[in-house]
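Protein chains in written order, with the numbering used here: chain A, 1 to 311; chain B, 1 to 423.
Be aware that one or more of the hints could be misleading.
In silico lysine-lysine, DSBU-like type, Cα no more than 35 Å apart, as pairs [unchecked claim]:
1) Lys29/A x Lys190/B
2) Lys249/A x Lys189/B
3) Lys206/B x Lys249/A
4) Lys397/B x Lys177/B
5) Lys189/B x Lys29/A
6) Lys242/B x Lys29/A
7) Lys348/B x Lys313/B
8) Lys422/B x Lys81/A
9) Lys324/B x Lys81/A
10) Lys81/A x Lys313/B
11) Lys104/B x Lys132/B
12) Lys81/A x Lys288/B
13) Lys348/B x Lys409/B
14) Lys104/B x Lys81/A
15) Lys422/B x Lys29/A
16) Lys47/B x Lys324/B
17) Lys206/B x Lys29/A
18) Lys135/B x Lys313/B
19) Lys288/B x Lys249/A
20) Lys249/A x Lys242/B
21) Lys135/B x Lys362/B
Worth flagging that the hints you see were computed from the coordinates, not collected in a lab.
So the chains spell out like this:
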Amino acid sequence: MPIVKLLRQTKYQVIAAAIVIAVLLLLWKPEILIEGIQRSSLYAVIALPMALILGVVGIINLAHGDFMMLGAYTAYFLAVKTGIDPMLAMIPAILAFFAIGAITYLALIRPVLGSPELNQLLLTFGLGLVLEELVNLLFTSQPYKLSVSYVSSSLTLGNFTFGTFEFVYVLAAVVVFIGLHYFLKKTRLGQSATAVGQNPRGARLVGIDVNRTYLIMFSLSIAIIATIGVLFSMRYSVFPLAGAPYTMKSFCLIAMAGIGNLIGILWYSALLGVSESVITAIPGAAGWADLVFFALIVAAILIRSYRQRVK
Amino acid sequence: MRKVLSILLILVIAIGIFISGCTPAKPATTTPPATTGPKAPTGDPIKFGATVTLADITGKEASNAMLLAAKEINAAGGVLGRPLQIVVADDQGKGEVGASSLDKLATVDNVYAFIGGMASGVHMAQIPIMKKYAKITVTIGAAASVVIEAPFADADWYFHIHPWDYQQTGGYITGFKEMMVKFPQMALKKWFIGYEEGAFGSAGWKGFQTLWPQQGWDVNGASFKSALLGGGDYRAALRQAKDYGPDAYMWLGYAADALPMVEQAKEINFAPSMFIGAPPGWPTDFGKSPLAEGVSLFGMWAPSLNAVSPSAKHFWDAYIAEYKTEPTGYFAPLGYTNVYVLANAINKAGTLDQAAVISALKATSYDSPTGQVLTFKPSNAIKNQGFTSQKILQWQKGVQTVIWPFDVKTADPAYPFPAWDKR
Chain A
1 MPIVKLLRQT
11 KYQVIAAAIV
21 IAVLLLLWKP
31 EILIEGIQRS
41 SLYAVIALPM
51 ALILGVVGII
61 NLAHGDFMML
71 GAYTAYFLAV
81 KTGIDPMLAM
91 IPAILAFFAI
101 GAITYLALIR
111 PVLGSPELNQ
121 LLLTFGLGLV
131 LEELVNLLFT
141 SQPYKLSVSY
151 VSSSLTLGNF
161 TFGTFEFVYV
171 LAAVVVFIGL
181 HYFLKKTRLG
191 QSATAVGQNP
201 RGARLVGIDV
211 NRTYLIMFSL
221 SIAIIATIGV
231 LFSMRYSVFP
241 LAGAPYTMKS
251 FCLIAMAGIG
261 NLIGILWYSA
271 LLGVSESVIT
281 AIPGAAGWAD
291 LVFFALIVAA
301 ILIRSYRQRV
311 K
Chain B
1 MRKVLSILLI
11 LVIAIGIFIS
21 GCTPAKPATT
31 TPPATTGPKA
41 PTGDPIKFGA
51 TVTLADITGK
61 EASNAMLLAA
71 KEINAAGGVL
81 GRPLQIVVAD
91 DQGKGEVGAS
101 SLDKLATVDN
111 VYAFIGGMAS
121 GVHMAQIPIM
131 KKYAKITVTI
141 GAAASVVIEA
151 PFADADWYFH
161 IHPWDYQQTG
171 GYITGFKEMM
181 VKFPQMALKK
191 WFIGYEEGAF
201 GSAGWKGFQT
211 LWPQQGWDVN
221 GASFKSALLG
231 GGDYRAALRQ
241 AKDYGPDAYM
251 WLGYAADALP
261 MVEQAKEINF
271 APSMFIGAPP
281 GWPTDFGKSP
291 LAEGVSLFGM
301 WAPSLNAVSP
311 SAKHFWDAYI
321 AEYKTEPTGY
331 FAPLGYTNVY
341 VLANAINKAG
351 TLDQAAVISA
361 LKATSYDSPT
371 GQVLTFKPSN
381 AIKNQGFTSQ
391 KILQWQKGVQ
401 TVIWPFDVKT
411 ADPAYPFPAW
421 DKR
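One chain only, chain B, in its complex shape:
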């Protein structure tokens, strides 16, 4: 028995070594500011307190990008000649942890401003803490307008970079309408929405039920259980879509649903003229599948923007140089933008006086790595809203191309969606 166990132990160790070899490279930690070139920052650091969900890839990448931005800013002389320090707090994707993290950032770390923020649920729990301290807050997430937007109606210290949900939907409508004008062969009048049965998908479906008929577009839908919640069989929803015969099929789910969704669509031979996925993030290996070709999506950023935006190219190169891995989602460039916008405003104000920095932030005009210039204007409820729409992207030859807005497009739309046997 001992002999058998010894052999088994050796096997396990060998497999352990193999698995550890498969582990993705750990991101590098921030390095000290450069000592050559611009004058090195001195004195007590100015701290920005960031809450992100570190266990989630989007949060980790946003955090990496924030640290990268701080490193670059410090190398260029810092903020008001002082070093910039990002204090990252993990909200664990939980509201109560997000709220207590913010409290700790304000009291123990004594940060100057709050940045970060991703999930709407976490952000909602943080509202009382943000209001309690009324520090300058520049947030990159939280798109659920119903619960987040109204409480900040009077807060001139609150800056929201990510478009609200209604702005995103409005952006999609504008985008598809403009594409239908420019490419008359695109006739997207009949839609079918496959939506995950949780809050994310159901809320999205309600929006489509209201807004799509207003455009004169027919819409129908069916729910499915996301793989994230123990589901992953989409065939019933896809069959209902196939029976409906739509011009465009759009699914609202999560990254875990992405590849199985197209595999199962192929399985039942469902290939509408436009196939769109709208998860918050995409799996890294999605583009490697031949089934990805022609799938459209929404997002703030795509690596292909490197070809048309020097800021996007700079960010991309710097991120890879720092972390030896490519950023996969748009929260990375948003995190980078988050730090730069606030640091630039403080430098422009020349002081840490809150009123002066808020004025400088309101006057922001930042050429961001998302390919667009960030400015702040009032939204339906808040005073300082950044971006107001997402982009329409499309997987073409394994990369995400931008097909709308046209001023930053990197490719024309591939239309109609290619048949499954023509790949």
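Extracted from the complex, chain A is given alone in its bound form:
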């Protein structure tokens, strides 16, 4: 009975539970599952680069969502001024924000690497505020929204209609996850980054250029989140505070999954995204979505602490 044996392991129990829930949702309201997965993917793809910085550089970047906002503004103005499809704005965005990430690291992050964690937190928090106010001064608080016809495209299967554009977030989450996984496990630089994240002093002793690794990983993370900002700008309005709420959500996801646990971020994003989708679909219950979100976070952290204590 290999299946019964497998189901004794927690990870297979989780997979089985996920399949059962998915089937039930498909039978009840398929759009809830589809929209929940789309929403989960957006949460995951935003949280993954933040987890990268935290896992390797050891800094909680509280300006994370603000870099996404900058990427979104870049896409908006590139599309409006040059007439290009916003999707194409991902190419200049990834290059430009890799450079912006490098400058941010050299100018702001590197000098505080040895400082107490609270100082680092305050620095990135302040950086986020500066970015928001800068954009406010330049472009005002007026929201901007790209009008792209295929963003509202949909597919009808039988009796229900669902949007197809947000599958781009599913694709992005898969690409970023697999890309980071491959990069960290299979490339020399990625392996160095993993080593630096686990033990910077040890990594330095074996000849790894820790500072260069930090620089590249921070820049890569900013480039990824700004590129996600491009995709974000196509679906959502862009304004100075557009990215800030996603910093908090990303941080919560990382706290649930644990530092360095990229696959955990995917699972917990799915849990939160689908839960939100279910709650908002119940008449009169939409206002409870945030409460359930934070209740799940607290529950996940408590369960993880309990299991660690038992071990």
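Following the hints, position chain B against chain A.
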């Protein structure tokens, strides 16, 4: 590594130059009064102290319009022959800052009167300061009657231009009823309200729950999280609306929700006979989307009024000439009206004596750029209430047209709301 960094630096500078090129044009500062034509004002300036939220586009435009009005007034001879000066204080959208700004305007700047005022929350915090100084106050915002109106019941120095929330809702009811009479094909008996889950949307929803059944109209609703608060996925609320099958769908949210709302309605193929949005302001590029066609909205003003109102046309042309950009929301014409009404009253009174100016203000009859004549009459609680309703507008061919009241209409309503695939 240095070489790589140098290349990166060049890239960043190039992008910086590009972004700075995308920056909207900065508004021009006020220029000195004209020296030809009417006699140039002389002497100490008469100061009006304005509190607005400068970081918000509505506040910035209101401030611009106030400075524009002052410039025109000074060019026409000033107030009592003296120059008019607008002292603008940024309340930052925060109550405590709004209160301290007002204190500073009264004590440090020694202003003659208070003008401006937008968010109800800020205005509420300013009430004790306004009462302390009891200066003439002509305000253009703050519609939340529950917290703002009653404290000014006995204040004959308080003039409120913007309609109160209950007056706005009453205006919508009157408007829709009149339209249903004039256009019998419009049968709006079953409504669904999508409301953002914050104070703005929830308070609005409560009003609909009370007032709509009184008209014999069925109403149902669902909340959503506004993009302004980290939301932006409206599909659950829209699906509930679609299942309800309403004649009219109205959403109460913010400008950031506007375009994503119609995109997601199209996505799930929800197109009721009337699609209405009720945010405080609209994004500038909303009208450019083909999905905007036929969306109705509420407001005090629309650029299309230029065709039927010479005052609206004058304001529009003057604003663009001064700032090289178009005003986007109705707080711009309200800010302009704000300054003119008070300046005209002082000139009419011929003195700065407060009682005389209050009498002149009460007798105001100002043909405003909103297309309507502003007068002051008692409301449910205060003595001097200006406008008592908003207009019902509709996006048609990329511009906001006025479809009600009929005396200033610029187009007939497009009804029913066009199907998404017929655009």
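_Between the alpha carbons of Lys422/B and Lys81/A, is the straight-line distance 35 Å or under?_
The given pair, whose Cα atoms are some 28 Å apart, holds under the 35 Å limit.
Review point. Is it true that the CA of Lys249/A sits at most 35 Å from the CA of Lys242/B?
Key: 30 Å, holds
Next on the checklist: Please verify whether Lys206/B and Lys29/A have alpha carbons no more than 35 Å apart.
Outcome noted: 29 Å, holds
Taking 35 Å as the top limit, are the C-alpha atoms of Lys242/B and Lys29/A close enough? 14 Å, holds
Within 35 Å, alpha carbon to alpha carbon, are Lys348/B and Lys313/B? Roughly 25 Å separates the two Cα atoms, so the pair holds.
Notebook entry, point to check: Is the hinted pair Lys29/A and Lys190/B satisfied, with a Cα-Cα distance of at most 35 Å?
Noted result: Cα-Cα ~25 Å, so holds.
Is the Cα-Cα distance between Lys189/B and Lys29/A 35 Å or less?
-> 29 Å, holds
Item to check | Pair hint outcome, Lys206/B versus Lys249/A [Cα-Cα no greater than 35 Å] | outcome: Distance of about 30 Å is within 35 Å: holds.
Exercise. With a cut-off of 35 Å on the C-alpha distance, tell me whether Lys104/B and Lys132/B pass.
Key: 13 Å, holds
What's the verdict on Lys348/B and Lys409/B, does the C-alpha distance respect the 35 Å limit or exceed it?
32 Å, holds
Given hint Lys189/B paired with Lys249/A - CA-CA distance at most 35 Å
41 Å, violated
Query - Hinted pair Lys135/B and Lys313/B, Cα distance within 35 Å - result: 32 Å, holds
Checked against the numbered hints above, the structure breaks hints 2 and 14 and satisfies the rest.
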